[in-house]
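Engineer: In case you want the letters, here they are:
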Amino acid sequence: MDTTSPHGASPGAARAALLVLADGRFPAGGHAHSGGAEAAVKAGRIRDATDLATFCRGRLHTTGLTSAALAAAAAVGADPLVLDEAADARTPSPALRTTARKLGRQLMRAARAAWPCDALDALAAARPRGAHQPVVLGVTAHAAGLGPEDAAHCVAYESVGGPATAVVRLLGLDPFEATAVLARLAPELDQVARRAAEAGRRAPAEGPGALPAASAPLLDITAQAHAAWPVRLFAS
Amino acid sequence: MHLDHSHDTTTVVSADAARSDGTRRALRIGLGGPVGSGKTATVAALCRALRDTYSIAVVTNDIYTREDAEFLLRNAVLPPERIQAVETGACPHTAIRDDISANLEAVEDLEDAVGPLDLILVESGGDNLTATFSKGLVDAQVFVIDVAGGDDIPRKGGPGVTTADLLVVNKTDLAPYVGSDLGRMAHDARTQRGELPVAFTSLTSGEGVKPVADWVRGQLAAWSA
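Top line first, the protein sequences correspond to chains A and B. Everything in the first sequence is counted per our numbering, starting at 1 for the first residue and increasing by one. Everything in the second sequence is counted per our numbering, starting at 237 for the first residue and increasing by one.
If you're looking for bench data, these hints aren't it; they were derived computationally from the structure. What you are looking at is a predicted structure, and each value in this text was computed from that prediction instead of being measured. Worth double-checking, as some hints may not be accurate.
[Said to hold, decoys possible] Per the computed footprint, the stretches of chain B lying under chain A, defined by three or more beta-carbons under 8 angstroms from a beta-carbon of chain A, are: (1) 320 to 327; (2) 336 to 349.
[What the hints assert, rightly or not] Cβ-to-Cβ under 10 angstroms is the rule here; a few derived chain A residues that face chain B: (3) Thr179; (4) Ala235; (5) Ser236.
[As the list claims (entries may be wrong)] Computed far set for chain A versus chain B, every beta-carbon distance over 10 angstroms: (6) Ser34; (7) Lys102; (8) Leu107; (9) Arg184; (10) Arg194; (11) Arg202; (12) Ser215.
Idealized CB from N, CA, C, for every residue including glycine.
Please build the complete structure, drawing on both the sequences and the hints.
Structural biologist: Here it is in structure tokens:
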């Protein structure tokens with residue numbers, strides 16, 4: 001992949017584009033997903049801000065890291081279809097694979113409107129039902145002139161920002177407390193994003209085996225159960 | 237409406253009148269309004285009134301996911317493959333206005349699965365008086381209120397009452413029992429809405445949903461003209 005992007009100057013230098021992409025108001029469907037928090041609230045595992053911090057830390061270092069590395073790899077030009085298969089292999093829960101592809105399809109729509117380019121068109125044509133969301137995000141990040149660390153940061157932040165917002169709605173948790181949880185996690189989030197970016201940079205040469213495969217079995221199990229609930233507020 | 241809307245890229249984003257394969261997409265009409273005003277009952281009645289003439293599908297945006305979809309299924313107003321439920325993460329207005337991606341996906345899936353369609357009704361989850369649909373999701377919107385919710389709602393206005401392409405005042409048969417003044421509601425609605433139409437309906441008596449169905453037929457005629 002060439003190093004210039006269609007919409008940015010040089011990769012990694014487009015800070016404002018990162019704000020647009022990472023904004024919770026970016027219309028890519030995330031607002032209807034709790035990242036497993038709805039199931040954890042129902043089971044009594046999240047009751048307050050301390051529990052939320054524990055939940056988010058766990059998610060950040062497992063699926064957060066894995067997803068961030070996939071996004072970073074896509075942002076440095078690793079083959080998105082290979083990464084899509086690698087994402088499948090790293091997502092044991094069928095419900096979460098479906099969710100990741102739904103969110104990927106929804107992100108694709110917003111991305112093509114925001115940063116139209118051939119790479120996004122090609123991925124949309126190859127995966128009309130949606131590629132895994134982190135892969136789409138990585139390709140989007142490149143289109144927006146962002147680098148692998150930016151893509152990894154976006155995904156890592158999403159992995160904790162989604163549950164935090166959901167818990168504010170589900171528990172009526174004080175929004176200031178929820179935001180403070182995210183702020184306390186910021187240094188760890190930076191570390192995870194750096195690790196993910198390093199792995200992502202190796203992926204074009206070494207293949208998807210260079211990418212982490214951390215997972216959270218309880219999130220996988222509760223996601224399967226949640227998908228079958230007759231009454232729920234969040235799609236996942 | 238977006239009859240002349242075109243896009244300068246190959247990307248079909250949302251409001252384009254043509255689908256990605258070049259065929260014309262279905263007309264999309266949104267139905268919003270407060271909880272309990274009769275949105276789902278109106279959708280059901282519209283399906284019954286129009287399904288023999290037009291190819292119809294419905295997207296529901298429940299607060300608790302599938303209740304409204306199941307009401308429509310139970311009442312067998314359409315075959316199940318023509319009804320899709322969208323989850324809204326406790327924010328029904330977000331899903332129809334600020335981030336319409338899940339609804340657009342549902343609309344496109346319906347066109348792919350059971351199309352060609354003439355009409356897709358997108359029913360919002362019960363919300364407040366400020367909830368309106370994005371123009372990227374629907375071509376026209378109906379706001380449903382009812383007389384039992386208070387006859388001062390048209391006077392209070394708000395984006396739904398003021399700007400909806402059709403305001404429906406439902407449950408007129410209850411007016412005498414809840415002390416609502418239909419004349420006052422009609423006058424206030426005219427003040428808020430100018431020339432935009434208002435339909436008074438009682439789904440359980442008289443001509444039922446006919447005023448709304450007639451308006452939808454007019455929209456369909458304009459869409460396919």
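Engineer: With reference to the structure, classify each hint as holding or not holding.
Structural biologist: How the hints compare with the structure:
With a threshold of 8 angstroms between beta carbons, the proposed coverage of the segment 320 to 327 of chain B by chain A holds, since 6 of its residues qualify and at least three are required. With a threshold of 8 angstroms between beta carbons, the proposed coverage of the segment 336 to 349 of chain B by chain A holds, since 5 of its residues qualify and at least three are required. For the restraint placing A/Thr179 at the interface with chain B, the shortest Cβ-Cβ distance is roughly 18 angstroms, beyond the 10 angstroms limit, so the hint is violated. At a threshold of 10 angstroms, the smallest CB-CB gap from A/Ala235 to chain B is about 4 angstroms, leaving the interface hint in force.
Checking A/Ser236 against chain B: minimum C-beta separation of about 9 angstroms stays under 10 angstroms; hint holds. Residue placement check: A/Ser34 does not keep its beta carbon more than 10 angstroms from all beta carbons of chain B (closest about 7 angstroms). Non-interface status of A/Lys102 relative to chain B is broken: a Cβ of that chain comes within 10 angstroms, the nearest being about 7 angstroms off. A beta-carbon of chain B comes within 10 angstroms of the beta-carbon of A/Leu107; the shortest separation is about 8 angstroms.
Distance to chain B confirms A/Arg184 as a non-interface residue, since its nearest Cβ pair spans about 24 angstroms, more than 10 angstroms. Here A/Arg194 stays apart from chain B, with its beta-carbon at least about 30 angstroms from theirs, past the 10 angstroms limit. A/Arg202, annotated as away from the interface, keeps every beta carbon of chain B farther than 10 angstroms; the closest lies near 32 angstroms. Every C-beta of chain B lies more than 10 angstroms from that of A/Ser215, the closest at about 24 angstroms, which supports listing it as non-interface.
When the structure is compared with the earlier hints, violations turn up for hints 3, 6, 7 and 8 and for no others.
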